[in-house]
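Trainee: This is what each chain is made of:
Protein chains: 4
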Amino acid sequence: MQGHTVTMLGTGLIGDFYTMTLHQPRGRDRVGVAYSRTEERGRAFSDRWEIPEHTTSMEDAINHPETDVVVVGLPNFLHEQAVALAVDAGKAVLVTKPLARDAAEAKRILDRVEAAGVFGGYLEDLVYTPKTLKAVDAVAGGAIGDVTWVRSRETHPGPHSAWFWDKEMAGGGAIVDLGCHCIEIIRSFVGKENRPVEVMTWADTLVHPIQAEDNAVVLLRFDSGALGQFEVSWTFRGGMDLRDEVAGTEGTIWLNHFLRTGYEMYSSGGGDGYVAEKLESTEGWLFPVGDEIGELGYTAMFTDMFEAIDSGRAPRETLYDGYVVNAVMDAAYRSAESRQWESVEMDWRGGPTPRIGKRGVTHDGHAVVKEETLPDGRRKLILSDKDTGSVFDLVTSD
Amino acid sequence: MQGHTVTMLGTGLIGDFYTMTLHQPRGRDRVGVAYSRTEERGRAFSDRWEIPEHTTSMEDAINHPETDVVVVGLPNFLHEQAVALAVDAGKAVLVTKPLARDAAEAKRILDRVEAAGVFGGYLEDLVYTPKTLKAVDAVAGGAIGDVTWVRSRETHPGPHSAWFWDKEMAGGGAIVDLGCHCIEIIRSFVGKENRPVEVMTWADTLVHPIQAEDNAVVLLRFDSGALGQFEVSWTFRGGMDLRDEVAGTEGTIWLNHFLRTGYEMYSSGGGDGYVAEKLESTEGWLFPVGDEIGELGYTAMFTDMFEAIDSGRAPRETLYDGYVVNAVMDAAYRSAESRQWESVEMDWRGGPTPRIGKRGVTHDGHAVVKEETLPDGRRKLILSDKDTGSVFDLVTSD
Amino acid sequence: MQGHTVTMLGTGLIGDFYTMTLHQPRGRDRVGVAYSRTEERGRAFSDRWEIPEHTTSMEDAINHPETDVVVVGLPNFLHEQAVALAVDAGKAVLVTKPLARDAAEAKRILDRVEAAGVFGGYLEDLVYTPKTLKAVDAVAGGAIGDVTWVRSRETHPGPHSAWFWDKEMAGGGAIVDLGCHCIEIIRSFVGKENRPVEVMTWADTLVHPIQAEDNAVVLLRFDSGALGQFEVSWTFRGGMDLRDEVAGTEGTIWLNHFLRTGYEMYSSGGGDGYVAEKLESTEGWLFPVGDEIGELGYTAMFTDMFEAIDSGRAPRETLYDGYVVNAVMDAAYRSAESRQWESVEMDWRGGPTPRIGKRGVTHDGHAVVKEETLPDGRRKLILSDKDTGSVFDLVTSD
Amino acid sequence: MQGHTVTMLGTGLIGDFYTMTLHQPRGRDRVGVAYSRTEERGRAFSDRWEIPEHTTSMEDAINHPETDVVVVGLPNFLHEQAVALAVDAGKAVLVTKPLARDAAEAKRILDRVEAAGVFGGYLEDLVYTPKTLKAVDAVAGGAIGDVTWVRSRETHPGPHSAWFWDKEMAGGGAIVDLGCHCIEIIRSFVGKENRPVEVMTWADTLVHPIQAEDNAVVLLRFDSGALGQFEVSWTFRGGMDLRDEVAGTEGTIWLNHFLRTGYEMYSSGGGDGYVAEKLESTEGWLFPVGDEIGELGYTAMFTDMFEAIDSGRAPRETLYDGYVVNAVMDAAYRSAESRQWESVEMDWRGGPTPRIGKRGVTHDGHAVVKEETLPDGRRKLILSDKDTGSVFDLVTSD
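Protein chains in written order, with my numbering: chain A, 1 to 398; chain B, 1 to 398; chain C, 1 to 398; chain D, 1 to 398.
Derived from the structure by calculation, the hints contain no laboratory data.
A virtual CB, placed ideally from N, CA and C, is assigned to each residue, including glycine.
Careful: at least some of the hints might be erroneous.
[What the hints assert, rightly or not] Stretch by stretch, here's where chain B covers chain C in the computed footprint (C-beta under 8 Å, at least three residues):
1. 194-206
2. 214-224
3. 242-251
4. 334-341
5. 365-376
Produce the complete structure using the sequences and hints provided.
Mentor: Encoded structure:
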């Protein structure tokens, strides 16, 4: 029944979400010290979450004698440094998404953690939403047959902090901010052992006066032949649109995580005092989410991380997964430049995955394309001629 | 950071849900001993949930030296006895819904707990769903103005245990099983200080060979003039239908807790091995729920109870609330017999609630019924004549 | 290929909807003359719809030599007079809903039309929505077994013309305006041969300064035991809410006619010039309907009426149906006064309907309440004791 | 009030849909003669739709003395021949989608019709769905600002006739069958004057034993910078999935044409005799469409065509549009081979379209990336440095 005491690096929006999750009532785990780059924000954050200590020294925070887990909730360009200090301190280290700004940086982080033998976890929350976890289990259990296609869509009107919009500090734009979620969602559905082979990207800066892309669509081909597709945008209007779709040979899954989850409210604006959080407006039809940190996966994510630490197993999302994500994003940016499919370059730890099997049913040696039952009870077969490949009908009563 | 150790009375479906909730990873609270009426079920339950002890003696379970909270998850006819033993043991006691089979029994339970001064809580989970909690806050904050009408619908194809279907053991049928949820949901939206005044019931046994009702619709009028309406059924087809609707003078809320929550799956039945739980079928379009114990309110309910115990405050749902529910249900059954509105008879602890205010806008002394802006910019007023009450149009350019 | 030429009585909102329908491109039927109580509105209407003639004489309009069908789109208190004139002219007469202000008036209208032998049709559009027609066919075909319950909900923020709000001119409030739709929708699902037996009403004037009710809930019990339930309101916020739900022993149907039909739009308000019609707002999330006159049933309604005239058969909605609706509404208003169930008083032309059949499955003489398959393959029966009626479990491996 | 008499070429599924539309009750237009390649199907079709004549001579059908419009509802490889005969007969000719098997064939068809000066129309029904027409109007009116992205998805489990599956006869696979719809839907939203510039394709044959693609995703870049994206599949499970999404700088539109349109039905399978058409199953949750030919656009499409013929104007969808679609599909197939973006090669009749405008707001010369209001009322600006392009925060109280 022992809990963990956490060093929280970073006091921005993601630090709030993480701490709200860690400090859930009836929980065993707590933040013991917070690090912020400014004294003012560190104090406000500690007051807000009743954290006993805060500091502007990252080193002090990480080496705090009572904490055993370091959570890195900092801007992307500070991840490598923070992980290095945590490794030196011999503590478990959990890193927010994306792991790094590119695959080379990610690989250095991964190698350092693995060489030191400390626990590393990749804080990719959207793979842990309750809907996703249940759907991934259903797919793994065969409920929809072989996965042929996955769509993941993550769009909103743009992030709140300046550094996200700065290509240098973030490592990119909407692909780095949002696409990293999509890649892991897609991998979870097609199977993590299924190698992402190559990538094709459309990316453009359509609306905002920035150098990074504010819109992108990326196609991601897997070894099995399955296609992943993700759409990211910082110019979406209407709230935060988080949806996934999975197609399989025997079924279909549609998940909606935010704007249509069974809570619908119309407000004329004539009532008093209420401000709906995180919505673009406070009048008209609104679509709140019930338990936001639960629905977004934070609760299950930290549970998995701490249970993994306690039992000595790997978490669902490892730093290696974070590295794969960076490798896919690197290929995506190369493709945006080269305007053609680009291979995903990485040290792949898995093997090959067999091609999605075509149906093998035949009739008199001809492959059966489709089979229907006619109103009079006879069977209609659409057949592909074994010699010529031309397709023809056959109606039969057997 | 101290947790609670619980005596769990009852090892049926509700015992499973409660224990799954209490034993969530990273939690501080645990079941210490389980009581079942049969050794076999007690052992299976303890094995399933890794509970250290089990017994067939309700007294031993309640008086177990290491537990400080007693959860009553027994059939309705055993509640009074269980609460009495818990009170004698001086322990906090949390009672599943409905509190009792009728208001008289509920009142005896309430009086006994209050006289002894032990903590009492009413385990009405559906008031604690994340969507309901957020919506109740929005309503309390004025987002939809004055509440005029609430609909709560709870239907499914019928319960799993025999005693539910037995009018004597349960105290009634679908109203007792499901309507108790609806009453508290409705009260939460119209305001708990708003007295439920009178009740009108339609109830019938349409499908099942039982003496209790398998379908009912109940209208519940409140002191403010607001109307509550609930529909319960043990003959619904398609899964479990849990929906609430709230109308206010400035807005509308629609909640869907189960069949349409953003997870949609089609399965051809051609895949392997997967069984979707709690659905009527495993093929075709299915609508699972992500985090079932979260979405059904169990998580937030036990959190509120334990936080209330720890801080010495009352929980959101008290045994007094349970008593009010029983009083409303008693009136509902009387109305089903008398075929007219029946007063809710109870010791009401609150005061009166003012009538929902009609709009007081006038024009030249005539009450304004409606106001529209015409395409040419002029205002069209629909007015009620101050003397005759007849209604007429007036187009004005002021 | 011959079309009909129509006398249109009334040039208000319903006249617009009717004429828009009759004048659909590629149609054969046209309005030949329009009657309005004022010259100004008559001219504007005729200009709007390219109608060759208009008049302020109801008699002249009805006796126009080129028209063969009279459509009554007037306020309720003018229906009887208009129908009398149309009957005298020997023309087919189609009357908007509700047929009359009460059943006595409706009966006089019905008798006069039937005595004269002219064609009479009741313009109840919402029974003719494409979804309703298809769903009624599915129910009639047995797709959901015996119907046990129907909910019909019709609510919006209140009508546009003054006379609707005047109890004397309209014959009532929201029940007369909206409930008449609900009654026919419910009758269509439970079967029109199924006698509406008795009615229970809650009605109140919660928001508007009028004498008529602005909110009501009505329960309607049928001879088969099925329950109809309808909710009407002139205080709903968020648009126009038209939903129906049908429960049967083997299935469920949910219909949504307006606010959630597959067209969802978010508008920031920052765009130019567009005004979304019939919505409460023009910003935020909006839910337009595609083909409004089609979705609301007007197209199929006039098609049925004209096809019925041409082929000499009765339409789906007859004046007798309109009379039944008035009889149900009369009972509803009596119940609102008496506060108990009131019989529907009318000349019923049908016979009795058998009671919804309870399931007759038995096991060893005990009625089977429910049957489940356990994980180990055995069957669990919940049985009602043939002698005592008490309910018990039985697990069996046969 | 004169109608048109139509020569219907083809008696397959599309011929049924077209004729059901043309023969709607109260309509003025009728099929006068049907052509089928076999006498048997021609007779069955004519009996089914009460068509006075049928023939196996395409020439006789086209030259029938009483028809003035020829509808080409034949397999793709017969379009050119049929149009040539119709042109020779001097009749209006309406051609089903896709216009041809490739752009060269389409251009020959277009040139021949234009040279002869007969009326030509392209029967692209899905642009004419009531939802699409209304949404296109909203977009054209500025309701969502500049369009940045359109997604169109058309998937089902595969067509019913053999020739669709034969690459030679059809000219391709799912792209040709379904993508042609998507291209016109996308063009309608981004603006038809907006040139489709280049195309990137992923296409694969994942499930069926055929040579054509059974799955594809195509990206289509327009002159304005907007991106079109379409997904087509012959392996989708769960019915027919027709959805469109439009993102603009000031809003969002989501359209669902088939599986979620407000009609939801659960059937246990225990009822009698009903077969739900066009659904993958007849049990479980089903999602029928109300007025199928209306919802799929057939009604509005033929109305537009006939009104265009009668008034001498161009229809919404011309043969030139059909040619553009073929040119886009040719580029799509080239891209599937070359694995890079391919230009759309065609005789473009329009001019250039300006780039989607970036927001031009500045503060002290720095471009404003985002602006938020803080809880204390101050403004937070995210600015892009005018010199370096780096992004920074500024909190201001002006």
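Trainee: Are there at least three residues in the stretch 334-341 of chain C whose beta carbon sits under 8 Å from a beta carbon of chain B?
Mentor: Holds: 3 residues of the stretch 334-341 of chain C have a Cβ under 8 Å from chain B.
Trainee: Would you check chain B against the stretch 365-376 of chain C, counting CB to CB pairs closer than 8 Å, and say if three or more residues qualify?
Mentor: That given contact holds, which follows from 5 residues of the stretch 365-376 of chain C lying within Cβ reach (below 8 Å) of chain B.
Trainee: Are 3 or more residues of the stretch 194-206 of chain C near chain B, judged by a Cβ distance of less than 8 Å?
Mentor: Our answer is that it holds, as 5 residues pass the Cβ test (under 8 Å) against chain B, meeting three.
Trainee: Establish whether the coverage given for the stretch 242-251 of chain C by chain B is satisfied; the threshold is a Cβ-Cβ distance below 8 Å, and no fewer than three residues must meet it.
Mentor: With 5 residues close enough to chain B, the hint holds.
Trainee: Are there three or more residues in the stretch 214-224 of chain C whose C-beta lies within less than 8 Å of some C-beta in chain B?
Mentor: The restraint on the stretch 214-224 of chain C holds, since 4 of its residues have a Cβ under 8 Å from chain B and three suffice.
Every hint, counting from the list given before, is met by this structure.
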